[in-house]
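Protein chains in written order, with the working numbering: chain A, -3 to 304; chain B, 7 to 627.
Treat the hints as calculated values from the structure; they're not laboratory data.
Given the structure is predicted, the values throughout are model-derived calculations rather than measurements.
A portion of the hints provided could be inaccurate.
As the list claims (entries may be wrong) - In silico lysine-lysine, DSS-like type, Cα no more than 27 Å apart, as pairs: (1) Lys521/B / Lys104/B; (2) Lys451/B / Lys104/B; (3) Lys362/B / Lys450/B; (4) Lys50/A / Lys362/B; (5) Lys347/B / Lys362/B; (6) Lys586/B / Lys575/B; (7) Lys521/B / Lys221/A; (8) Lys450/B / Lys347/B; (9) Lys521/B / Lys54/A.
Stated by the list, open to error - Pulled from the structure, derived: some chain B residues nowhere near chain A, Cβ distances all over 10 Å: (10) Leu8; (11) Thr13; (12) Val21; (13) Gly64; (14) Ala173; (15) Leu208; (16) Leu376; (17) Leu417; (18) Val427; (19) Tyr513; (20) Tyr607; (21) Val612.
Positions of the beta carbon are idealized from the N, C-alpha and C atoms, including for glycine.
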Amino acid sequence: MNGNMVIVEFLLFPGLLFTAIAGLLTAWVDRKVTAMVQMRVGPPLLQPFHDIRKLFVKETCVPEGGAIGLFLLAPLLGLAAVALASMILWRALLDVEATFVGDLIVLIYLFVMPALGVMLGSFASRNPLASIGGSREVKLMIAYELPMVLAILVPVIQAGSIRLGDLLTAQPPILSVSGVLALLVSIACMQAKLTIVPFDMPEAETELSGGALIEYSGPPLAMFKLTRAMMLFTLPILLLVLFFGGLLTGPVWQRWVIGFLVWFVLVAITIVLRNTTPRVRIDQAVRFFWGPVSVVALVAVVLAWAGW
Amino acid sequence: MLRSLLTNPMALPVVFPLLAGLVCLLLPNAASRLRVWLAALAAIVVLAFVWPLFQQAGQTWNPLPWLTLRTDLLSVFILLGVAFFGLVVAVYSVGYMKDRPHQRAYFTYLLWTLGISCGVVLANDLLILLVCWGFLALILYLMAGLSGPGAAEAARKSLMIIGGSDALMLLGILIYWHLAGTTRMDGAALALDGPLAYMAFLTLLAGAFAKAGAVPFHSWVPSFGEKVDAPVSAFLPASLDKLLGIYLLTRLVLDLFIPTPGMYGMLMLLGAVTVIAAVLMALVQHDLKRLLSFHAVSQVGYMILGIGTGTAIGLAGGLFHMLNNTVYKSALFLGAGMVEKQTGTTDLDRLGGLAKLMPVTFIVCTIAALSISGIPPLNGFASKWMIYQGIISSGDNGSFAWVLWLAVAMLGSALTLASFVKVLHATFLCKPSVEIRQMEISEKKGSMLLPMIVLALLCVVFGVYAFQVPLGFLIFPVVAVTVPGVWWSGLATVLILLAVIVGIGLYWLTMRGGKLRRMRTYIGGEQMQDVYLSNDEPGPLRHVEVTGVDFYDTIEQVPGLHRYYALMKDRVFDIYEFLKRSADYFVQMLRALHTGILPSYLRWFVAGLLLVVWVVTMEGR
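Just chain B, with the same shape it has in the complex (with noise of 0.2 Å):
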């Protein structure tokens, strides 16, 4: 029995990990770049294991009567995804971890992490599911704890946010079980045709919602990814997390139950909400990362309108954003993580002309950033042109609001740029900040670099190859879609390639062999090296000419904006703090009661033991 468990190719994913995370986790501290190596073979290892359950999808594997471990087409996508970005962090954190505390656990909750994903995709059992969410649940905070004091709240909120789904879907699950008379997932889906059903349904798209981040269970994602160091919010909330999240919810729309089209409208609805608050959010921030984290939860979004729309192509695009969000959010991330390591910081006022000094990293993170924004021929282009196929064929049924929801959704993207060239700005492009000037930075980190460099590799070949490798590959086989008359991204590429070719080969012609004349930028004709533009006092801090940081405030002055602004810095619908305010309230109206006088204390003792011993003889009777 244990050694099938621990040979049967199914179980090797998850079973591998674990042991390596457990050898990790024993290994002596002096051994710490054996370890870290160690990780990493681990993580390439994990993908071997997974290719070959990709490759025969459609494998069951019952050893135990409560254990069914099961491959599809869906969940073997998932499952590749997971191994690959599991890889892709592993590597990078080698270089990252370097010199830093907490190595030991660091990587072996990654590596755990890694193997328990994979139980959860394997899982063929909604109950063996929930155990494997909780315990990513658990590992989610002890790694966002690593991160040093700053980060326990954060942490806090995610396991408080996180577990408390957790125990929603218990609830989902328990309905579903009464319903459909089983807890496994490869049975007839459930009909919504009750309240219970209903319950399940909705309490299960909670969990669902609360992995991916999304409205209304998203406000754990940008504390998280503010506070936490950079790879552990590219692997958790920007990469596992939403494949684990929207592969949940694909199950439930697709296997688990049948949703009705006001279910399907209450998707889009969420999803375009998601969309637009996070955006406008992330629009404003100051922070890298947690801009960048606003941008997870915005990117959530565009899925959930995906696989909303009820479509075979709204699916298959929403799967297909997954995939590509995973890619580029991860490089961001991972681009973030590089500035912090170098420069000591992520606050936008404090960076600046990074692009000169990290060129690879601006170069990745321009790609990503242009990929996220959604401009072609890159991958998040052709995964929303997808969805937006998927949202206009959804109003074939004679239903209006898909209009309002393609109109959310290209602002959406159009803010989603501006937010980004706020980023390059402010960190590559603008004049540095002081500290900057003083330091001495570099990027030669190779094992940090690489994975950089191969996600904005993936960024390019998943947009202009779009219908060759993700989706031919992929994303079709678990959603057939025929599209007719293709965007022929390929084709649109060359051209684009070769008008600036032409216009570098212009370029070429008229200056003289390409010899170019600096010249001092010209700033009202004044001889100033430091124009103060922004209200700050001048001074060490502020000796920058304009970050870009500030831009959007003439946004945030628009009438409608300026309340949400000012609602959402109070928090009103941070769901933690919702939650926090009505326990609190509850808590003041019992210690109301605690007087700290012995008699009155005495007098409810007298009067609980009276009512025990009436219930009791009640009892009796």
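Just chain A, same shape as in the assembly (with noise of 0.2 Å):
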């Protein structure tokens, strides 16, 4: 690899700069829809944008008695892992041949840090309900992590492999039960890993006003938001690779139309679930993951397994 070349990706395209504007755009997808559903009319697509630049220009408040420099530092982590991790995806998608053994592996744990990131910029925010948030943070990473390893080894199974490449060369798994169940399961820790609703207790404004958020403001706030809505736009292209991967065939307008069509109904679910949603509790959230979630997965995985 090139290596001037790889860091003029990473910033660029299909990188940094590239995942932070898609990723806006996303979230104006999110807005236009949710203002669909509550009959109203919504932002213009620019609004993302504009409100992200107002962050940047306010003040910088930071919390009395707070660990200042792991305050400041814990949103750039998951920013700079999900940018990272958009990377790895993009190049797959683009090249098939640029991917490596156990990338998938990869990708698993740099999904992580940005959960870590608001993990550990609420504790060092040393607020009580920062604090509370990000341990609920905590117990929703343990609680999804199971169930989405599991349904993440479906299209592994299947393909024989864990390498993008190859995930993206086989039968698509979605043609199979098992697929369809493990993507269900998918959706389901997308939303959790999204923390929105139902599963936002972290944030939870009404109970902890902002929880592990509670303490941001102006750049740092910029900065988790847009992680956010990278977050947002690039779950949906894993899940699109893990599932759809084998769909995206023939010449290139095909498949770019088929890729941003699966895209869109993907983001489209989470948006409508989490419309129609009400918050539940962390316990129960727990309880929901490891208990009929899991199973399902499970089942899927031994699905895969009988060849289903």
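Fit the two chains together into the complex; they arrive one by one in their own frames, and the hints show the way.
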């Protein structure tokens, strides 16, 4: 790999800048669809950009007595990890050969880092409400991690490989029973990973008044918002690669159209779920993910093993 | 003969620390500072003795018919690790043991442990290995006893479990001798083709497991780690015992036996159980050192999982994880020691706010905590990545279990992260407890900080340059692995750092030159200093907001887990308690015979006498 080329790829396309712009556009989709569900008009296309810009020109306030270094660094951790994850995903999408063995494991771990950023940032605030929010983020993570890993293993079992390139060229798992079950599990886990309703208890405006992010304002808050928007854009792409990878064949325009449609449907499902469900309690979420969701995921794994 | 014993390069790493330890023992109390530095110097010398052995592996030295020392690529790797961690702990102890009792015994035992551990690794004969193994258990017992009367029970428990496993190992060695005709370790590997061979394998395995602290022989580690001084824990359960236990395990599966797929499956099962059972316990602990000890158990599970895959990459990953674990776990224990030295407690309820007071310790512990949780690009991730690869390729023979092991291993990793963010919160980040606020805390102890900083740097270097440094130098010579298309950790690090720098640049541009405004924390708009959010009564000792200690009570209440925690509180899975209870049971039966009535004793006496006479006369015929 050419070092300079990689750095350009990482900073501009398909890394940081591209993912940030695409993420903010996705955030607009989110707000527009939400508005439609609520019979409103919704914001103009560039509203998320204005919001982020506005946060950047605000003064930076930090909590008294907090660990300021960690408080400011924590938002960047998730941002960097999502940019890297997005780059790995897009490299695989653009060129099937540009993948390495075990890149899926790297992706899983990189997608943990935004949650880690929220935890460390909230703990560094030295605010009891932030601490409770952060602890909910942790518990949510350990809850969805088990079914998510199991669901991700379904395409791995079917393709017999843990390389993104092989998953993209294999028979798409969505055409099998196990693939459909695993996709359903993954959608539930994605909802929790994005910490949006019904799994937004780390922030829980009504109980914790912002919880994990309560002390954040200005540029650091912008980083968190940006990271979240980038996650909303990138996680559906992960599911697209995992479960619909093999569908992306044919001429270039056809691949892009199919890819975009699937991605849009996944995003829309997330947004509709968010607008039609109430927030659950953290213990309910843990039971939900370790109980029924994990069972379904396990069934999917067994079915995948049996060749279904 | 004596001269060659004293000067042979292979004998030096064993003999020299033993002699140096003796000198430490004989030095008068007035020369205590001299003793301390002498011990640190001796540890450096041991490392210097080990280095040429490392460079020239594959030597054999046979001074006596029953004594063979041998080095191969595996043993020199372990040897280097033993010497290095001996040095790290010795330097740390210079600061830690200042103004503490039992200094003389402490440094003597430290050096003796170092020498005998080298003996274990160099021994080419199972019996020599067992003798050293037994001495190590004894010194471990004595060293634990130095931490005061509170540690006596923990020391006894450790000795019982490790000593008991020694007896099993002796049995295993006898069977091995019976089957292979020799107790030398460089002979042909034994096929597991009969019940006797299985028995030899399993009994020797018990020894390795007890040493490394794997389920079901794990229960001594948490007790030991909680009660015993932190550097001793960093030295024994966290580093040396891991190195030696995993060394024996690797020898068993590589050189001494040819394990069957079933045995590999059993190893992976035990590894997975170790990972998850211990980390679930770590999640709910209230004591920093006890929490760390449960992780010392849990991490062994990953090593056993890796080695149990029976694949080259899994084995290399297991060994690499052993090395990484010793690095970050000793860093964490040394950090805990620093916290204890400065605050006098490791109770998470009574700590807090140390990030500002002990910044170096905080940074070291954060790096080590992220490392043990497998956050890329640190070293814990690099070895876990290899172990996962091994687990996946262990499914090539058509078995299904790998899916389960992989899911368990990854869940274990998430739970590890969860329990360490709790540690960071309760120790360093949350509002300091009243006691902490009244203390004057500083961490100006160069000899204690230096080893911690070195270990934290190793966490980074071993992760970023995983393939160039630790794997290339230490592990791939032992297990040749060809990795097709590697995880580009160096490049990924550069990229992540780049994004962080971009972010900092953005901060700088938008913060008008980095000006920050400090504001009171917002607690629902209330102007309160202390909010009580836990159920405890407010009082001088609970003057804290949210310590984070009870973060995972929700997890404890999950239906299935609730039962597990209840059983663990009853110590049902503790082999020591189990044996103690069964011993009690038999003792009760015997005790029932002791009625205290003389005629009944006389009746037993006469009956016994008659029995003896009968046996003797039967013999005579």
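Hint check:
1. Restraint check for Lys521/B and Lys104/B: not satisfied, since their Cα atoms lie roughly 43 Å apart, outside the 27 Å limit.
2. About 11 Å separates the Cα atoms of Lys451/B and Lys104/B, which keeps this hinted pair within 27 Å; it holds.
3. Using a Cα cut-off of 27 Å, the hinted pair Lys362/B and Lys450/B holds, with the two alpha carbons roughly 14 Å apart.
4. As the CA atoms of Lys50/A and Lys362/B are separated by approximately 32 Å, the hinted pair breaks the 27 Å bound.
5. Between Lys347/B and Lys362/B the CA atoms are separated by roughly 17 Å; this keeps the pair inside 27 Å, and the hint holds.
6. Proximity of Lys586/B to Lys575/B is assessed by CA-CA distance (about 16 Å); at most 27 Å being required, the pair is judged to hold.
7. For the hint linking Lys521/B to Lys221/A, the alpha-carbon distance of about 22 Å falls within 27 Å, and the restraint holds.
8. For a cut-off of 27 Å, the pair hint linking Lys450/B to Lys347/B stands: about 12 Å separates their Cα positions.
9. Distance check on the hinted pair: Lys521/B and Lys54/A sit about 12 Å apart at the alpha-carbon level, within 27 Å; holds.
10. Annotated as non-interface, Leu8/B keeps its C-beta farther than 10 Å from every C-beta of chain A; the closest such distance is 54 Å.
11. With a minimum CB-CB distance of about 49 Å to chain A, Thr13/B clears the 10 Å threshold, and the non-interface call stands.
12. Even its closest Cβ contact with chain A, about 45 Å, leaves Val21/B beyond 10 Å, as expected for a residue assigned away from the interface.
13. The beta carbon of Gly64/B is kept farther than 10 Å from every beta carbon of chain A, the shortest such distance being approximately 32 Å.
14. Remark: the non-interface label on Ala173/B is consistent with the geometry, its nearest Cβ contact in chain A lying 40 Å away (cut-off 10 Å).
15. Listed as a non-interface residue, Leu208/B keeps its Cβ farther than 10 Å from every Cβ of chain A; the least gap is roughly 30 Å.
16. Against chain A, the non-interface label of Leu376/B is violated: not every CB pair exceeds 10 Å, the least being about 8 Å.
17. Under the 10 Å C-beta cut-off, the non-interface status given to Leu417/B relative to chain A is violated; the minimum distance is some 5 Å.
18. In this structure Val427/B is not separated from chain A by more than 10 Å, as the shortest Cβ-Cβ distance comes to only about 5 Å.
19. Here Tyr513/B does not stay apart from chain A, with its beta-carbon only about 5 Å from theirs, under the 10 Å limit.
20. Once the 10 Å rule is applied to beta carbons, Tyr607/B is consistent with being away from chain A; the minimum gap is 60 Å.
21. For Val612/B, the requirement that its beta carbon stay farther than 10 Å from each beta carbon of chain A is met, with the minimum near 66 Å.
In this structure, the hints that do not hold are numbers 1, 4, 16, 17, 18 and 19, in rising order.
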